[in-house]
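K.L.:
Next come the chains, spelled out residue by residue.
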Amino acid sequence: DVKVTQSSRYLVKRTGEKVFLECVQDMDHENMFWYRQDPGLGLRLIYFSYDVKMKEKGDIPEGYSVSREKKERFSLILESASTNQTSMYLCASSFYLGAFFGQGTRLTVV
Amino acid sequence: DQQVKQNSPSLSVQEGRISILNCDYTNSMFDYFLWYKKYPAEGPTFLISISSIKDKNEDGRFTVFLNKSAKHLSLHIVPSQPGDSAVYFCAASDRMGNQFYFGTGTSLTVIP
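Chains A and B are the protein sequences, given in the same order.
Here the first sequence is numbered in this note's numbering, starting from 88 and rising by one per residue.
Here the second sequence is numbered in this note's numbering, starting from 17 and rising by one per residue.
Because the hints were derived from the structure by calculation, they are not lab data.
Treat the numbers as computed from the prediction; the structure is a model and nothing was measured.
For glycine and all other residues, C-beta sits at the position ideal for the given N, C-alpha and C.
Check before you lean on any hint, since a few could be wrong.
[As the list claims (entries may be wrong)] Heads up, incomplete: computed chain B residues facing chain A, CB under 7 Å, no partners named:
1) PRO56
2) GLU58
3) HIS92
[As the list claims (entries may be wrong)] So the derived label-pair ranges between C-beta atoms look like this:
4) A:ASP113 / B:ARG33: 11 to 21 Å
5) A:PRO148 / B:PRO25: 18 to 28 Å
6) A:MET114 / B:GLY76: 17 to 27 Å
7) A:GLN190 / B:SER26: 15 to 25 Å
8) A:SER169 / B:SER68: 38 to 48 Å
9) A:THR92 / B:LYS70: 45 to 55 Å
10) A:ARG193 / B:SER28: 20 to 30 Å
11) B:SER68 / A:GLU166: 35 to 45 Å
12) B:SER44 / A:THR195: 38 to 48 Å
Construct the complete structure from the given sequences, taking the supplied hints into account.
P.N.:
Here it is in structure tokens:
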């Protein structure tokens, strides 16, 4: 079974802090994604990566950056957390037949 | 612009009856369609998919129908069970599967 693991289930951070969300997958997938889920807005793509050291902006990249130094790991960075980044963050990895998600990180910025 | 749309934010169905969740898309280049189920505080889990070369795919109680000319797909759950209560997301991808476009989700409540 594919396993996508996100480092934290719940996080509370202060406004202005730099926040790191880590994601690891164990199926050697090329593609990895970061989404955020907000009520009424569904899943919105923040960034994705096709390969190590490659990254592409999704629909809502502002305020975020990513890092993919190893194939299995894709990190999402909030450079200076703000309250409007309070959300559920979902990491996924994929091959052609579908995307597999981690358990999600509920981030609250206070 | 939302390329995948789920126009019903919520749906309530009696246990044992059929649940029908609908999804529309705008991009004719989409080649593969998926349904995901999501419980609160968990990540989405893959439910069922369909390729654009088919018009129906069935897996147990779940059937997905694809109408390419209408750019519409639907998920049928029969019989519905209380454990099916969750948010269902429709998704579409291109032939390479390099990106997935998600709808806004439909919250299904199955009433015992």
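K.L.:
Hint by hint, which ones does this structure get wrong, listed from lowest number up?
P.N.:
When the structure is compared with the hints, numbers 1, 3, 4, 9 turn out to be violated.
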